[in-house]
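Q: First to last, the protein sequences are chains A and B. Residue numbers for the first sequence follow this note's numbering, so the first one is 1002 and each next one is one higher. Residue numbers for the second sequence follow this note's numbering, so the first one is 100 and each next one is one higher.
Just so you know, these hints were derived from the structure itself, not from any lab. Where hints are given, some of them may not hold.
In silico negatives: residues of chain A with every beta carbon more than 10 Å from chain B [as the list claims (entries may be wrong)]:
1. P1033
2. P1327
3. E1432
Once the Cα atoms are required to be at most 20 Å apart in a straight line, the calculated EDC-like pairs of lysine to aspartate or glutamate come out as [claimed, not checked]:
4. A:K1196 / B:E191
5. A:K1153 / A:D1141
6. A:K1196 / B:E148
7. B:K201 / A:D1166
8. A:K1016 / A:D1300
None of these values were measured; they are calculated from a predicted model. Just so you know, even glycine gets a beta-carbon here, dropped at the ideal spot from N, CA and C.
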Amino acid sequence: VSDPILTSVIANRLKAIGERMGLVVERSARSPLLVEGRDFSLGIYNAAGVLLEQTEYIPVLGYATASGMRAIARAFAANVEEGDVVLHNDPYTGGNQLSDWKVAKPVFHEGEHFGWVVIAAHQADVGGAVPGSYNPNATDLWQEGLRITPLKLYEGGRRRDDVWDFVFGNVRLDVVAEDVSAMIGSCTVGERELKALLARYGAETVRAAAAGLLDAAEQAASAVIERMPDGIYTAEWYVHDDGIDHDLTATIRVEITIEGSRIRFDFSETDPQVTGYVNAPLAVTISSVMIAFFMIADDELPHNDGIMRCIEVVAPEGSLVNPRYPAPTGFGNHLSDQIAAVIMLALAPAVPDQVTACWNHLLATIVAGWSTRANAPYVDILINACKGGGGGTYGADGYDHIGLITSGGAIAAQDPEIFELVNPHFLHRFEYLPDSAGPGRWRGGLGVETIFTFEDGGVQASVFGDGGTPETAAFGILGGGRGCPNEIEFRYPVGTTYRPHLKDLVSAIPAGTVYRQVAGGGGGYGDPRERPVDRVLAEVRNGVVSLAAARRDYGVVIDPETWTVEEAATAALRRAASAPPAGSERIG
Amino acid sequence: MLLADLRHDLTRSYSRHWADVDPAEARAIVDELAERGLEALAEEGVPEERRSIVASADLRYSGQHHEVSISFPPHDLGHLERIEQAFHRRHEELYGFASPGKPMEIVNLHATVLGRRKPFPLEPPSVDGREAPRRGSRRIYLRGVRSLEEVEVLDGDRIAPGQWAAGPVVVDTRTTTIVVPETFDIAFDASGSFVLTRKAGP
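All chains, please: the whole structure from these sequences, using the hints.
A: Encoded structure:
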């Protein structure tokens, strides 16, 4: 039996170690994906690969790391020594995406292997057919990137130069080796701090505290589930375009069973895996379930494996949410958007005050080209341009310009000056798009519009995402309306415009091409006619809701001369029986 | 704040590859900044024997977005290898790795001048035995009972040593707010600290 106060002290120490590891990467890495986008997560595991503490910067990376870490622990169970560094990315041994590399370091105390520190982080390039490693034409995993099963980069503190040269000889950009060095440094700092903790309290005490933490997490999660009404809840939501078939619609179906203190997410009725790269590795599916569950939970929960004792995820092999080797999965990580959405939709009747309306689905572009100014190649995901609005929820509007749901708001907005400094791009516009948010008693978050010019030619852009039409944009719930859809266009200097498919590879983009993107808004929650009139007026005055939308969606009539509300007309309009706005999903 | 040393930080951006740094030029910049700092200290009446100067440089490996600040005596600018070694060491300490031999950049030069002050005697707070003054009430969320409850608010700036209050209660001070949950009591001790004690369990 462990002392609860000491357990809490050790728990917070573990959390602080994870945060420190994150700071190391943020401060010392080179790719803007890590420094600006913070596309990474940290974890501390026991020797068997059980998650004790997780510090998510990008949550989908966090829970997805757990299964990869178990594979690493298994692979080297009998062959691990102090100073080892293990690299991993394979989606078929627990990885979530070829681009998300894990670096793990074992931690020893008095000659005994206590556990692991690990960081998972998105790499600027991991080989494969397309720079940046989002290949919409892929039909197997080797066309997407280098597959790394658990692999020792260091052995007993010595770098294996043969392995190092092989790995980094198979990616395009030098920055990847530098970022992996920063990740190894992060693990070294985590290792030092964990060793200090073990030296202070002893392995037995820390192990007992860890067991206490897992039990506490299970209890807390059980209590959350017990407060949710028992029942069976189902929903479906859709994925569009797998890169191979631009007209494809595949369906994710979930049946959620709540019974006492246990909850099961069953994806058995989900469509089979598809030819293109939108298949979600099992790690992604589990991670997406966890993220949605954390968001819906009405209490803060510790983030460790104890929670998994209350949650069951059923995802049949060969389906869209657990594909068979060697299907391509490069986009599958982003299926987390759809998986989280279908869970919100299913649980809306059970816990209407705890779910959110749909968040804007990711539509992003990764660009690769040559910067004349830097005299070097560059690769960047257009982070700011892809961050749409969050879904509204009971009591609060959706977050504006927050980015995809499974980042949980962690993607930092890039400084526009850094954007222009690291890329040969000239930014013209980057601002909230009026009327992009789904109307609601609590509206969705606002989307943004971005316009810039490519200053160097010969750029290749890989477009990947969803939510490109009103029907597939972020839905509203309980009477709320949907957010505006995503859009991307390339306006070529010759005067033509190209609107890419949701999954597309756009090559040989000439200098002077103007790129325009709309990241759509989030879905609204509840009837917009119940939104307080003064809030609608304030938003019209702020320019984020138009006069026309105020009247049409919110039933608020504003005099464009005086910018005040016409009380009588508003009351009449709001009294009139009206259908729910476009895009509200019928619940129950 | 009355006890702090006087300090002036002066900065000049000096952005170039480490290999291109001209030690004489860098030294001249630091000396000029330091001179301005020393003039300020003189105006503030700090005697010469209580003044000191530290130089520092913000360094990074080429391609990094953030710098590591390295402090050194100004004459080390005549021995750039010392500053470089200190950077690799500090980088390893902070970030778990160093990359000696990789290209480096300098971004800023700083001079910091300090005017050390004489020690100042500290008096313990006086005891005057007043009641812990109430300043109204506020609704706060109590996690234990999962609801918003109206609780008393104490004026923490006018509380006297030896006084205590039973949770749930809120203590407002000029610089912070202390929420005392229903499972704790709060006391103000002779050293001027707030002490929370868990109530005896049921």
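Q: So which of the earlier hints does this model not fit?
A: Violated hints: 1, 5, 6; rest satisfied.
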